[in-house]
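Top line first, the protein sequences correspond to chains A and B. Note that the first sequence covers residues 31 to 454 in our numbering. Note that the second sequence covers residues 31 to 454 in our numbering.
In short, the hints are calculated from the structure, not lab data. A portion of the hints provided could be inaccurate.
[Claimed, not checked] Coverage of chain B stretches by chain A, computed from C-beta distances (three or more under 8 Å per stretch; other residues unrestricted):
| hint | region |
| --- | --- |
| 1 | 157-165 |
| 2 | 209-223 |
| 3 | 242-254 |
| 4 | 380-391 |
Idealized CB from N, CA, C, for every residue including glycine.
There are 2 protein chains.
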Amino acid sequence: MTESNPDIEISRRRLLGTVGAAGAAGLALGATGGALAHSAFDDSPAGASGSAGSLASLGATQVAFDGEHQAGITTPLQAKGHVLAFDLAPGAGRKEAAALMRRWSDTARLLMAGKPASGADSGIALDAGPSSLTVTFGFGHSFFERTGLTSRRPTALDPLPDFSADRLDAQRSNGDLWVQIGADDGLVAFHALRALQKEAGEAARVRWQMNGFNRSPGATAAPMTARNLMGQIDGTGNPKPAQPDFDKRIFVPAAGPGPAEHAWMGGGSYAVVRRIRMLLDDWDKQSLAQQEQVIGRTKATGAPLTGGTETTKMALDKIGPDGKPVIASNAHARISAPEQNGGAAMLRRPFSFHDGIAADGTPDAGLLFICWQADPLRGFVPVQRKLDRGDALSEFIRHESSGLYAVPPGPRDGEYVGQRLLEG
Amino acid sequence: MTESNPDIEISRRRLLGTVGAAGAAGLALGATGGALAHSAFDDSPAGASGSAGSLASLGATQVAFDGEHQAGITTPLQAKGHVLAFDLAPGAGRKEAAALMRRWSDTARLLMAGKPASGADSGIALDAGPSSLTVTFGFGHSFFERTGLTSRRPTALDPLPDFSADRLDAQRSNGDLWVQIGADDGLVAFHALRALQKEAGEAARVRWQMNGFNRSPGATAAPMTARNLMGQIDGTGNPKPAQPDFDKRIFVPAAGPGPAEHAWMGGGSYAVVRRIRMLLDDWDKQSLAQQEQVIGRTKATGAPLTGGTETTKMALDKIGPDGKPVIASNAHARISAPEQNGGAAMLRRPFSFHDGIAADGTPDAGLLFICWQADPLRGFVPVQRKLDRGDALSEFIRHESSGLYAVPPGPRDGEYVGQRLLEG
Ligand code: HEM
Ligand code: HEM
Chain A
31 MTESNPDIEI SRRRLLGTVG AAGAAGLALG ATGGALAHSA FDDSPAGASG
81 SAGSLASLGA TQVAFDGEHQ AGITTPLQAK GHVLAFDLAP GAGRKEAAAL
131 MRRWSDTARL LMAGKPASGA DSGIALDAGP SSLTVTFGFG HSFFERTGLT
181 SRRPTALDPL PDFSADRLDA QRSNGDLWVQ IGADDGLVAF HALRALQKEA
231 GEAARVRWQM NGFNRSPGAT AAPMTARNLM GQIDGTGNPK PAQPDFDKRI
281 FVPAAGPGPA EHAWMGGGSY AVVRRIRMLL DDWDKQSLAQ QEQVIGRTKA
331 TGAPLTGGTE TTKMALDKIG PDGKPVIASN AHARISAPEQ NGGAAMLRRP
381 FSFHDGIAAD GTPDAGLLFI CWQADPLRGF VPVQRKLDRG DALSEFIRHE
431 SSGLYAVPPG PRDGEYVGQR LLEG
Chain B
31 MTESNPDIEI SRRRLLGTVG AAGAAGLALG ATGGALAHSA FDDSPAGASG
81 SAGSLASLGA TQVAFDGEHQ AGITTPLQAK GHVLAFDLAP GAGRKEAAAL
131 MRRWSDTARL LMAGKPASGA DSGIALDAGP SSLTVTFGFG HSFFERTGLT
181 SRRPTALDPL PDFSADRLDA QRSNGDLWVQ IGADDGLVAF HALRALQKEA
231 GEAARVRWQM NGFNRSPGAT AAPMTARNLM GQIDGTGNPK PAQPDFDKRI
281 FVPAAGPGPA EHAWMGGGSY AVVRRIRMLL DDWDKQSLAQ QEQVIGRTKA
331 TGAPLTGGTE TTKMALDKIG PDGKPVIASN AHARISAPEQ NGGAAMLRRP
381 FSFHDGIAAD GTPDAGLLFI CWQADPLRGF VPVQRKLDRG DALSEFIRHE
431 SSGLYAVPPG PRDGEYVGQR LLEG
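Next comes chain A alone, as it looks inside the complex (with noise of 0.2 Å):
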């Protein structure tokens, strides 16, 4: 099983999160074929013995480092997550930079399997398993003049255009290097941070670091849409990997059109990743219906206000009985369809942040925006500019930092990420 099965991937999850109702125990039991084993439950003295102990334990899910696409992207949310910019120290250049990125991919495959880092490991995460550890590597844009591969940046990869709402930080934003660290334990999570943050050397600092949540596996009685900090049902329009064109809207084509310079990239996809401030005071303010028409779907059910279930289309011609649209023209919902954006769509995958009270006395919390497409220019910046024109949800969110990266597609045959642009 590799990270790019997100299928099975989530139905061991499904299994988890109803492991203990009669029935499923025994399918949980009954499909340990597919799960990893991991060296440190076994080794485990107090370990569950043999693989089918470990299926149902959040800490024995292992995703895999290797692969067509980085781990990370189609991956499951996961409980706990740290995204973080890097820069090239100054004098670092290209040779600086491969080495580091082997070092870290080095690391990662380690850690994503469960193992101590080599060398010194700070023990933080010892007896624990990888609990769905995911880190995924990305290039900001001045990534390339730094290691001096302007000629082979993507133009995909140009700055995002301003948007009139953007309050954005710039010690928050962009940077040479990203990382996502993502894990279902809070610890396995700060040890591999502290890891790759110790790889890095004298090669390149930490510009700006962020930390995140989602649910923990098993806090809802059957698997569901995440949920964010403003109540809402969040992830639903997504497009799911078992959906024909998933591929091409997410992933680079592996050899497809384009330039050669950019032939790296293939089964690569594109990041942004925006903290974006909830204003949680004002929001509470308003009553449910108002919730309700600034999204266009129902808090408790996630379904359009024009009726059904979460997954029921919304009608969004439906005309209300006082002659307006059942969801209204600026509902969120709405304005961010595909449909409405000439069929544009992006792979959201954000965490919650919050990083207690700011200044002013309001909850410094909100979302870890995080999307993925094969193109920003067909995926994130189209609806973003319909959102900032006309969004019901703006007045209740701030843009507060920006980033795109380039992320490079999986390694193969112990590569290293990003291997195809640095020595290609």
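Assemble the complex: chain A is given as a structure, and chain B with the ligands must be docked to it using the hints.
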């Protein structure tokens, strides 16, 4: 089952940790009798049917709000935590404080049962079970002036002495009221935080707030003592609820000696809360042997350097081949051990914290140290006094904030927390 029976609680966790093992799965299903059913789980159309289905799910675990002691003291560590202090608003006194404690208790009771807050619930925790949510309330020294109750203030609440290594930020210390929230799901914990803040209304405003985390249940193959962000097993020496003197050490006697004015604290406990930064960059430069000398225990297993396993008693008198004590005279676990402090003992129940990167570029991470005792002058104070003078760990930590709170007993028969003080 009530929260005051930590053994049942812990054994339930133990089952969760190994539920996938063929043997344990049967056991888990057989043990459902004790599980409190959670409404959201039972009502959910997607939910596992019947209470047997809920048991193995992290979300279904429920801790009682009412009881002899408040929840969140002997409750097993949760994956997420918020601790925060409030100050009563100018003009608010005993009456407003009593009304607030009633509102807060009502809300905590609902949320800990997995129900929405009364009034407009934000929906953030919808679908999730209570996920071991606990809410714990305490009163700081200043609360008693604000409410005109100084005659009933226990001397145990006298300000802690200054310690030479203290680098305390007054803005993040003390406060009239203290609230501790813990849950195994981040959205459940955040939901409780927001609901309680909302209930504070005009009566109190947040003074400071901190976020923390621990291992997720199931991250290790079998439940075990927690690790902290230095990578050490942390909690080994804690008094165990099964020990005969546990209650005497941790809880104020229900009808013990002491003046009648303080009877309202019978069954309560005192919490010392310190934000202790770890100087992780310095720590990581030490060799494993050096790190183990600092504590006096091995990092991998937590066993004393004098041999054995985690639970072996430290042989403090043992001399090594170099003529020096094997567990160094300044080792943290030696200096803090009850036998070195006239039996002084406390229950340490911390969260790790990680708030990104500090202004100086080092990680803003460490331990939200929370310890519980019947009397801080026979728990925290003598131990910290000794650590302050000679602890090898001092070099690698920095106490940044401090609070001491009187945590009343658990409420009975629809009481609110603190009612015996505020209406007694
Ligand atoms: C804090 C900020 C945001 C919140 C709280 C939010 C919330 C939501 C919610 C509740 C939905 C409906 C359920 C769903 O389909 O997932 C939704 C849909 C969507 N949002 Fe957002 N959103 C935010 C920002 C953004 C941004 C910045 C973009 C992209 C520019 C975006 C793009 C979309 C898309 C494409 C959909 C799916 C529409 C469909 O296919 O039906 N959202 N969002
Ligand atoms: C970041 C700060 C601290 C760290 C990393 C830390 C770490 C540890 C570790 C690894 C142990 C050995 C395992 C165990 O018994 O739990 C320990 C024991 C202990 N620590 Fe700390 N500690 C810290 C601060 C404190 C403070 C401030 C106090 C109280 C004033 C304290 C009191 C104790 C006690 C009472 C023991 C148990 C000793 C025994 O019974 O054997 N610690 N600590």
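Results of checking the hints against the structure:
1. 157-165: holds (count 4)
2. 209-223: n = 6 at 8 Å, threshold three: holds.
3. 242-254: Per the Cβ count (11), the hint holds.
4. 380-391: holds (count 6)
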